[in-house]
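Sequence lines, in order, name chains A and B.
Convert by adding 1 to the 1-based position in the first sequence; the result is the number in my numbering.
Convert by adding 1 to the 1-based position in the second sequence; the result is the number in my numbering.
Quick caveat, the hints were computed from the structure, so don't treat them as lab data.
Any given hint could be a false lead.
Just so you know, same-sequence chains aren't split out, so a pair can sit in one copy or run between any two.
Derived BS3-like pairs (lysine-lysine); straight-line CA-CA distance at most 30 Å [said to hold, decoys possible]:
1) K92 to K452
2) K440 to K468
3) K90 to K440
4) K233 to K69
5) K291 to K233
6) K291 to K520
7) K92 to K81
8) K233 to K132
9) K473 to K76
10) K76 to K90
11) K76 to K136
There are 2 protein chains.
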Amino acid sequence: LALVFGTAVAFAPIPRITWEHREVGLVQFHEPGIYNYSALLMSQDEDTLYVGAREAVFALRAMDISRKQHEVYWKVSEDKKARCAEKGKSKQTECLNYIRVLQPLSATTLYVCGTNAFQPTCDHLDLASFKFLGKNEDGKGRCPFDPAHSYTSVMVDGELYSGTSYNFLGSEPIISRNSSHSPLRTEYAIPWLNEPSFVFSDVIRRSPEEGEDDRVYFFFTEAAVEYEFVFKLMVPRVARVCRGDQGGLRTLQKKWTSFLKARLTCSRPDSGLVFNVLQDVFVLRAPGLKEPVFYALFTPQLNNVGLSAVCVYNLSAVEAVFSGGKYMQSATVEQSHTKWVRYNGPVPTPRPGAGRRFVYAGSNSGVVQAPLAFCEKHSSCADCVLARDPYCAWSPATAACVALHQAEGPHRGWIQEMSGDASLCPDKVKESYRQHFFKHGGTAELRCALKSNLARVVWKFQNGVLKAESPKYGLMGRKNLLIFNLSEGDSGVYQCLSEERVRNKTVSQVVAKHLLEVKVVPRTSATPTLQ
Amino acid sequence: LALVFGTAVAFAPIPRITWEHREVGLVQFHEPGIYNYSALLMSQDEDTLYVGAREAVFALRAMDISRKQHEVYWKVSEDKKARCAEKGKSKQTECLNYIRVLQPLSATTLYVCGTNAFQPTCDHLDLASFKFLGKNEDGKGRCPFDPAHSYTSVMVDGELYSGTSYNFLGSEPIISRNSSHSPLRTEYAIPWLNEPSFVFSDVIRRSPEEGEDDRVYFFFTEAAVEYEFVFKLMVPRVARVCRGDQGGLRTLQKKWTSFLKARLTCSRPDSGLVFNVLQDVFVLRAPGLKEPVFYALFTPQLNNVGLSAVCVYNLSAVEAVFSGGKYMQSATVEQSHTKWVRYNGPVPTPRPGAGRRFVYAGSNSGVVQAPLAFCEKHSSCADCVLARDPYCAWSPATAACVALHQAEGPHRGWIQEMSGDASLCPDKVKESYRQHFFKHGGTAELRCALKSNLARVVWKFQNGVLKAESPKYGLMGRKNLLIFNLSEGDSGVYQCLSEERVRNKTVSQVVAKHLLEVKVVPRTSATPTLQ
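Could you put the whole structure together from the sequences, leaning on the hints where they help?
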C-alpha cells in the first residue's frame, strides 16, 4: 500500500494568523511534581477556578491562574497501591488517584471523585478549610477505575449524573444517577450503550411555565450498530434522561425509563466529509438567546489527516429528534429533523460568552489561561475585520481593534463583518514612512511586517509593481525586499502591500512605506587598472 | 459546519522531485478541433499508438506521438444529431460520436465503437487503408449511450467482452460477451451489478497444461449492498467470467453461469484509511514473473482531501478469494484470503515493464508521451538512489544514473536501493568549484541547484556551518546564499550541502562549491566628509 498525497495543501484552510507563544504571553499554572490537570470547575461567582489533577485539587484565582489560593492532596495509601499493583497495574502511573469528578455540591462544598488506584472513591471538599471531610464514598459508576477510561458527570440538585465504566476492566459502560432516594442506571446491553467514549454531560433546566421536566444530556461516541464498513464504525450520540424519572417496574426497577439517544450528524455530503468522532461539547447559554445551543467538536474516524469540524445544534432541534424521530430500537434515524447551523455564520446578539473572559485548558503538565481574543493586536481596520473574530470589532473613533466584552460605552459605528468584508473600513492612507540612506553599489533590505498567513506580499516602487525575483530584487523570508547593486535610480518610495482574497474580493492594504535615498560616494581610484 | 485543517501538511508526503514541463520536454499530440482523446491502443509490434478521440481515430508513431501516420473521421449525421437533440441532449457536446471501444480484431482490423449521438455503433477499421468498412453494428451493451458514462472492454479471440450501460438513461448496467454463437450477459439485478462505474477489464490466459479456462476480469466500483453509513458507500470490485462459459438453462439462458465478484480491499487499519473508489488498474505481465499482478489505483470516498493509494494483488490471491471465499450472495467477504503487496517493496527480476518504454496519457485536449523515468537527470549516485525509481540505477563505471531498459551490457556493480539507502554509493569528493571575484562592500549571491523538495540546504564556509538568516547572510529562493557587505574576511571556500533524511539516516551531499575572493578597491576620497 503506497500513499500519495496530492492536493491536501491546496484544500487545507491555513489559520490566518499564527501567534507565537512569546507574542501573547499566556498565564500558566503548574505545581511541581503534579501532573494530569484534567478536571476544571469555575466557581459560581467566577472568581475561582478549581483544578483537579493527579492526587491534588487546587483553587486558583480565575483572573490570574498563576496565583494559587488553596491546595489539598489526596494520595493513595501504600497498602492500596500495593493491591492495585498486584492486579497487574503500574504503581508509577495507574495505581494513583486521578481526580475525575469535581462538581459543586453546595455553596461551601465540592463533590470530588478519583480513580484511587482502581478503587474509585468520592469525598466532600470543604471550601472554607479546603480540606476533605473524609466521607470515603464508593465511587463505582461515578468515576472510572482506570485513568485511561472516559468519564463525564454533572451535579443536579445534589444528585450526581455520570457516564463512565462500572467495573475494573472498564468493559461495562454505565450512565447513572447517584441518588440516595432514587438511583437509576442504564442496562448493560448493546442497545443502551455500545463501547461508549463519554465526552460531556449537562443539565438543561425547564422553567415551571413550560410544564416540562429538567433534562440531563450525555454526549459520547459509541460503536455503531446500525452501520457497517471495512472497519468498526463509530457514531456520535446525544442521550437524554429526565430528572423526574423514578425508574420502571419489575425488571426495569432502578433502570431509566426516560433514556433516549440519537445520532449527532456532522457531515458535508457534497465533499464526502463525515465527522463521526465527538471530541468535545460546549453548551452556550446567553440571556438574549432563545434556547441553549450545543457546540460540538468532531474529527473523522476514516481518512483523518488533520481534519476537524464544529457542528452546532439548537436544543429544539435535538428535542425534535427525541420527540419526533424514530426510537433507537429501529436502527435508522433518517427521519431526523436536526437542523444544522454554521459555526461561522451570523453571531447572535448579545454575543456568545460576553461574560466569559478567559479560556482555560488543562493538560498533563499544567493549566493555561488565554484571553478569548487578541483584538488589540490587529492594527488596522482591515486586519480587525479580516480576523473574523466574533469578539473583536473596529472602533473608527479610537482607530483601534477593540474587544467587545471589555469595551465600555456605546458601540456605535463599530465595524465587524463575520463574512470578512472589509469594504466598510475607512480608506486609510499610510502617510508615515521610514527613511533610509544607502551607499551606491550596496544592497538594501526593506522590511514588511506582515502577519496574515493568507496574504500575498506585493512590493511597489513609485507605484509600479516590482517583480521580486529578478537579478535586481529579491525577497527575504518571503516578505522583506532586497535591492541589489543600488544606484541613484533606486531612490524613491517603496510600499509593501498585503493582498488577501476573501470570498472573491481582494483586500489590499499598505503595510509599510519606505523612502530610500541612494548616495553616491565620489571616489578617485588610485589604481587605474581597476577603474 | 466549520472545517479546520491541522496537521495535514505534516502528514503529506511531498513528491521528492518536481519536474517542470520545460525541464523534461514531453512529446505531445493534438489535432486542432478534436477533443476527448480517451481511447488508447498500442499495436502488437509496439510501433503504433492508436488513439480514439471525439469523432476521430488516429495512428501515431509510438516512439514519437507528435508524428501522425493516419487519421480517419467518424462523424454523426445531421439527422441523427437532430434526433438526439430532440431527446434533450446537447447538440454541441453530447450528440457527437465519442470513440469508446478501440480493440484489435485481427492483424489488419480494429474494432471501433462510439457513442454516436446516443445510438452506440461499432465498425471495423481497416488498418491498411485506415478506413472504416461501414459495418454499422449495433453497439448497445458494448459502448455507452452517454459519453459521461463509464465503460470498459477487452477483445478475446474476436469476441468483445464489455462492461457498460445498456440503455439510453444509463441506468441498466451490463457485463456482456458480444459473440455471434454464444452471447452472454449479466442479469439486471442489484446482486449482479449495483450502479457500477467500470474502470478496466482484461483477459488472463491459462496455459493448456494448467487445464483451466481463460478468464476475463472486470474492475469497477459499485454501490455497496453489504455496508451502510451516513452516505451511500462505494465498494471496489473485481469480477470474473470464464471464456468457456456457454450460459445456463431456462431463465439463465444467455446469462453468465461463471460470473463471480469480490471486494478489493485497500486500506490501512492503523490509520483508519480506507480507499474504496477504484480509479485505474494495470496488469503487469513479465517473462520472469510467476503470475500476472494487478496494480490498482484508489482514492477514498469519505474525507478525501487529496489522498490516493496503490494496492497490488497477485492473480493467485484474487483467485483464492474466488475459489475459497464466500460467494457474493452472502454479503460479507471477511474470509477473503487476499494478500497485499506493497507497491514500493522489492521489485521482481527482471524489472516490470522492461519492454515498455513510454507512458501515454490521453486527456480532453490531447495525448502526452512521457519516458518512464528521467534517470539521466540525477547527477550523483546519492540522487540516483534517493530517487527510488525502479527504472534507474547508478553505474559507478560511467558515473551516471542509467535507465535499466536502455542500458546495454552487463549490469555488474550497478547501485539501486529501493529503500533509499545510499550508503553503497562511493564517497565522492566534489573537487571542482566555481571561482568568483567580488568587490569590497558589495553583495554576493552563490548558487545551489538543489532538486529534492525533501532536502535541507546547509551552507558551509571554510567547513563551518553558516547561520543563513542573519545580518550578514541571507537565503534567496530557499537555496542560494547571499553575503552582504563583503570584506576580505569573506574570502574562502563556500559549500552548499543537501541534507536529506531517509528512514532515519541523513544523506548529506555537496551540491556546489564556490571559491570567493573579495578584492579591495583602493580609493582616495575626494570628499573628506565622506571618508
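task: Please work out whether the CA atoms of K90 and K440 approach to 30 Å or closer within one copy, between two copies, in both situations, or in neither?
output: Neither way: K90 and K440 sit 72 Å apart in one copy and 71 Å across, limit 30 Å.
message: As a check of your reading, is K291 near K233 (CA-CA no more than 30 Å) within one copy, between copies, both or neither?
response: neither (39 Å within a copy, 36 Å between copies)
Status of K81 relative to K92 across identical chains (alpha carbons, at most 30 Å): Cα proximity of K92 and K81: one copy only (10 Å, versus 83 Å across).
field: Status of K76 relative to K473 across identical chains (alpha carbons, at most 30 Å)
entry: Close neither inside one copy (69 Å) nor across copies (56 Å); limit 30 Å.
- prompt: When no copy is named, should K92 and K452 be tagged within, between, both, or neither for a Cα gap of at most 30 Å?
  reply: Classified as neither; 48 Å inside a copy, 52 Å across copies.
task: Have a look at K233 and K69 and pick one of within, between, both or neither, based on CA distance no larger than 30 Å.
output: Classified as neither; 45 Å inside a copy, 54 Å across copies.
30 Å Cα threshold - placement of K132 relative to K233: neither (46 Å within a copy, 57 Å between copies)
- request: First find the shortest C-alpha distance between K76 and K136 inside one copy, then the shortest across copies, and answer within, between, both or neither for a cut-off of 30 Å.
  value: within (15 Å within a copy, 91 Å between copies)
task: Could you figure out if K291 and K520 sit no more than 30 Å apart (CA to CA) within one copy, between two copies, both or neither?
output: neither (68 Å within a copy, 78 Å between copies)
query: 30 Å Cα cut-off: does K76 pair with K90 within a copy, between copies, both or neither?
result: within (17 Å within a copy, 78 Å between copies)
- prompt: Given identical chains, is K440 near K468, meaning Cα to Cα at most 30 Å, within a copy, between copies, both, or neither?
  reply: Both. Shortest intra-copy (23 Å) and inter-copy (25 Å) distances satisfy the 30 Å Cα cut-off.
Consistency note: the structure conflicts with the earlier hints numbered 1, 3, 4, 5, 6, 8 and 9.
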